[in-house]
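Colleague: Using the hints provided, position chains B and C relative to the given structure of chain A.
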Amino acid sequence: MAVDTAAGRSSRTLSGSLGTRLRRFGEISREVLRNPTTLIGLLLIVGMVAMALFAPLLIEPNTPNPYQMPRDWGALNEPPGTPGHILGTTQQGGDVLYGVIWGARTSLRLSLIVVSVTVVIGLIVGSLAGFVGGKVDELLMRLVDVFLSIPELIFALAIAAVLGPSFGNIILALAAVFWVKYARIIRGQVIHIKQNEYVDAARVIGDSKLRIYMKDVLPNSITPVVVQATLDMGNVVLIGATLSFIGLAEAGLAEWGVLVSQGQAGISAGRWWASTFPGLMVFLWALAFNLLGDGFRDILDPRTESKR
Amino acid sequence: MTSTIDSPSPSGADLRGEIAISVRDLRKHFPIREGALQRVAGHVRAVDGVSFDIRRGETVGLVGESGCGKTTLGRCVSGLSDPTGGGVYFDLTGDDNERLDSILASPEADRSEELKQELKQIETRHRVDLLQNQDWLRYRRNCQVVFQDAFASLNPRHLVREIVGRPLKVHKEAFGEALTERVVGLLERVGLGRQHLYRYPHQFSGGQRQRISIARALALDPELIVLDEPTSALDVSVQAQILNLLNELQEELDLTYLFITHDLSVVRHMADRVVVMYLGKVAEAGSTEDIFEDARHPYSNALLRASPDIEDDPDAALITLEGSVPDPARPPQGCRFHTRCPVATPVCGWEVDDVVRWLEDEPGMFDALTDVTRQDAFNADLVFSDESSASALAAALRSAKVPQAAREALVEVKQAGNAVHVVFEMVPEVELTTRGPGHVAACVLERTPELD
Amino acid sequence: MTVSHAPEAEIDTTGAIASVVGLRVHFESKAGRVYAVDGVDFHIRDGETLGLVGETGCGKTVTARSFLRLVPMPPGVHAGGSIYFRPHQPCPECAGTGCEVCDDTGRLPVPCPVCGGEGCETCGGSGNETIDLTSLSGKALHDIRGDRIAMIFQDPAKALNPALTVRSQIAEVYGQHRTEEVLQRAGLGSAASMLMRRFVSQRSRLWERALLAMPPLRKKRMRVERAIDDMVSAALAETQIPNPGNVMARYPHELSGGMKQRVMIAQALACNPDLLIADEPTTALDVTVQARIIELIKELQARRKSAVLYISHDLSLVRRVCDRVAVMYAGRIVEIGGTEEIFANPLHPYTRGLLAAIPSRSQSRGQLVAIRGTVPELIDPPPSCRFVERCSYAVAVCGEVDPGLENVNGGHRVACFIHNPPDMAVEVPSFSKVTS
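Residue numbers (the working numbering), protein chains in the order written: chain A, 1 to 308; chain B, 1 to 452; chain C, 1 to 436.
The shape of chain A in the complex, shown without the other chains (with noise of 0.2 Å):
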């Protein structure tokens, strides 16, 4: 709707583009908070990620390596309520509320370094492809597809394979798949708004493709980015977990999914403590940024592409 006319209503309180910007990302946080499930999800993200970020505050870490789990060799496999151990312990005696809390931490590296490696890469290579066209274009996407075939797991067993099983691994190949999702979205994107007639109007201007491509392109295509990026964070912790689970990663990692792993033998025992909890983590992570992610998918994008 039209806001008003040339008489229109005089500048407000925080006046210049400072000001716009701000009552913008207001409006947006608005809209997020209004969103009941929106918020859930942001509400745990914040919980989990505070947990990963004061660790150390609020468990004593382990020495030397505090992402490994510590080992009470008097306390094996007690259950919840146990003085010293709220979350009882593993077969190995490990402290099975250091798990939940340091395998946050973990978890927050693996998805902020698979999300941000991927995301850069596949914004290259996506945005070559998409801005620059022809050969290049085609070269890349026969790349992309060649990526596109291997499926995770088992790139991930192979580097593993070859590699030696580590977390460090499993990063890596995790971020050897993810890249190419992003590939997509963004020469997609780039090759619509390419046509839009704001980007003829910088050309007609005599602006720089460089800078095309950074004023005009790159900020109206990064919207799927943003929330698949926002999707990913969880997914990439689900799938690492997995990858875990089925022992790709060191043992004794303070790691959900290796903890899982270890524990699900005591479970036929009634030892159900040691996997549900870090199982339990697991599936909250990937629900919180699930919902965060379909909540931004709802507000930026019939936000950014048709507002009239």
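These are computed hints drawn from the structure, not numbers from a lab. It is possible that part of the hints are untrue.
Claimed, not checked - Some residues of chain B that are not near chain A, with every Cβ distance over 10 Å (derived):
| # | residue |
| --- | --- |
| 1 | Ala416 |
| 2 | His421 |
| 3 | Glu425 |
| 4 | Val444 |
To be verified - What the simulated footprint calls covered on chain B by chain A, stretch by stretch (three residues with Cβ under 8 Å from a Cβ of chain A suffice, anywhere in the stretch; the number is not a length):
| # | region |
| --- | --- |
| 5 | 18-28 |
| 6 | 135-146 |
Each residue gets a CB set at the ideal place from its N, CA and C atoms; glycine is no exception.
Modeller: Using the frame of chain A, we list chains B and C on its own:
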């Protein structure tokens, strides 16, 4: 207003009447790719040999229906698309223009080394798609565009200050506070104000967005503005406001306009001269009065008679045109309009494709047609699945089912069994001929006879 | 304070095929309630073409879509008023082909069930069955759509299903509304089984379709298909499409804009509707194609004598097509009357402004009369004349009281105090007093 042209030449006012843009034999073809290997199967000849001048200070109206090539032509003039043939020349002096025309008049093979050198010199400094560095920047400052869809031509994520100020930034003319003040000046000139600086495009109405677009186009003090259907998406009353504004600006700033539109009443109101396009070529060109009072091409006449607001008499029947626009990848021979022309003559380019087209309207016969072997566009064998269809065609070609003019153009119709050998008189492409000072039309007829 | 609008009963509506009475359609949006259509009254006589003219945001499209309940109901809200429709039935004498009894239209009005044609309150004195379109739903609505009221849209490319051939799209209309006729043509008549009936109306169950592919029923199915082919072909031929047999088998993307529009018209007219609603049918077409489509619509309308509600923003076009014109502004009708009357003697300042804004021979450059300002937002409109901000003749009372649509002469009605001064002792506006 000081001249924006930095070569040593007189001030803007004295240059009125001088040529700003010369379009010479412009061609823009788009390849059609087919098959798995993407071979080029043909070309869409969007613009196929167009020449005209735009003089300083005047408004040239470019009219035609969809598919005629006017938008593509506009893009070539503004430098957004590079031509496949011919060229758009900017800022030629009168002498240079004459030299150019005389060089181009001689066929390429016959030109001496000297002439070729001279041509190259002119081209590097004046041909839009060959300009480099300083010359290119100069062109960009002097030729701007206002697009049809104001919403699509403004980046939805940029504030008005960014949008209108961008040309100034790109050409390093102003920054920061100075830039803001200049933007305010531009906004005020188009009827907006300071309060609009920090808003997004979606917060404005259609008419206001178009004003923002115009403000942006004016930022660098250009010579020429290409307006591609600037008011087609606007309501009538808003259109009136924008047209008034454009006129005001033209007078104040000594602007030259290339006004592309399909709306004849708007063109009559705004343009000094009009160029009518059909299927990639100029059908007719002349002063506005010439075109509207004394149109010499049947297509121009058809356009005028089909527009409801042109005819002041509401009871006069709208003259309708039969058929549809032919495929721009296979334009008709002779005069491109002959397939739909109500007054076509025998020398208008009747060809084999016309016969195939007539057959399409006869269901039985079209299905029986199995093959067409062409020697050239005018000479072919049409093979049917049975003799009776072949005889039916041969008979039809001699009967009143086929326009008289076409029948007269037939040199030979010979049936041999299942096939019919058809030969038409070969005619060259129809050229633009002069009808009066500055008035040209591409029609073999002197005048278009009354259409009813 | 508002002056009430002329009650519908005062206007002679005998012979009217549709009457819109006090229609209000609002939209709930984040910014508030948008009063998109806010008190619209007009009627359409049987056989006439009424033009609904206005610029963007005036409410004409919402009004037209309300006839067939095509306005999405959240966020839209039917806030009041009705649309009365007097449907016809295929003439029993000639079975819809045209005869003296039905005046060659093939349709006759359905007598009012309450008074049997005498005239009573239910039918508003017309003696014909009267339905309120705004309260229809389900089967009753389905029966009206496509059969008694049909609609053609602005962009034929978007209005035709790209995945269906032309034949399928038109056959759908016959299948839904003319099952009996199809069966008759196929020679199956009343002996047709439920299976065949369901096939024609496209409601066949999965296993029935398998049965229909097998020899005993296959022949019957072929006959039905051929009957439909004939009917579709006839419908296409009526819109002057050359070679209907060929066009029938094509998909919409294979046709030109003008052809697509003809297909849409053929589909709309297939069941000989009483009312055809045309929503800017030529806006997306070239000028020469537009001319042909307009001639076609005029011709078809003259032949079938169906009523047409023609929506457009183009006044010059409307002048050629319509018998009467209604000018809409900001959700209301501001002027309505015979076409020539309105063009020769426009009464409302907005109508005058619209006509003056069209570039014509008589205006010199830069002197187009532009209506200043822009269309107001329709959220919580003040109780004044909606045009007051932009009117050059407005006086104090115009900003306080809302003028109603009043009769000026004959059927020419205007909503403006210049022609219908209020009953109060206040300054009255006039064309000789330019106030701003």
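Colleague: Confirm or reject each hint.
Modeller: Structure-based check of all given hints:
1. No Cβ of chain A comes within 10 Å of the Cβ of Ala416 (chain B); the nearest lies about 50 Å off, and the non-interface call holds.
2. The claim that His421 (chain B) is not at the interface with chain A holds, since no C-beta of that chain comes within 10 Å of its own (minimum 46 Å).
3. Listed as a non-interface residue, Glu425 (chain B) keeps its Cβ farther than 10 Å from every Cβ of chain A; the least gap is roughly 45 Å.
4. Once the 10 Å rule is applied to beta carbons, Val444 (chain B) is consistent with being away from chain A; the minimum gap is 39 Å.
5. Coverage of the region 18-28 of chain B by chain A is violated in this model, with 0 residues showing a Cβ closer than 8 Å to a Cβ of that chain against a need of three.
6. Only residues whose C-beta sits within less than 8 Å of a C-beta in chain A count toward coverage, and the region 135-146 of chain B has 7 of them, enough to reach three; the restraint holds.
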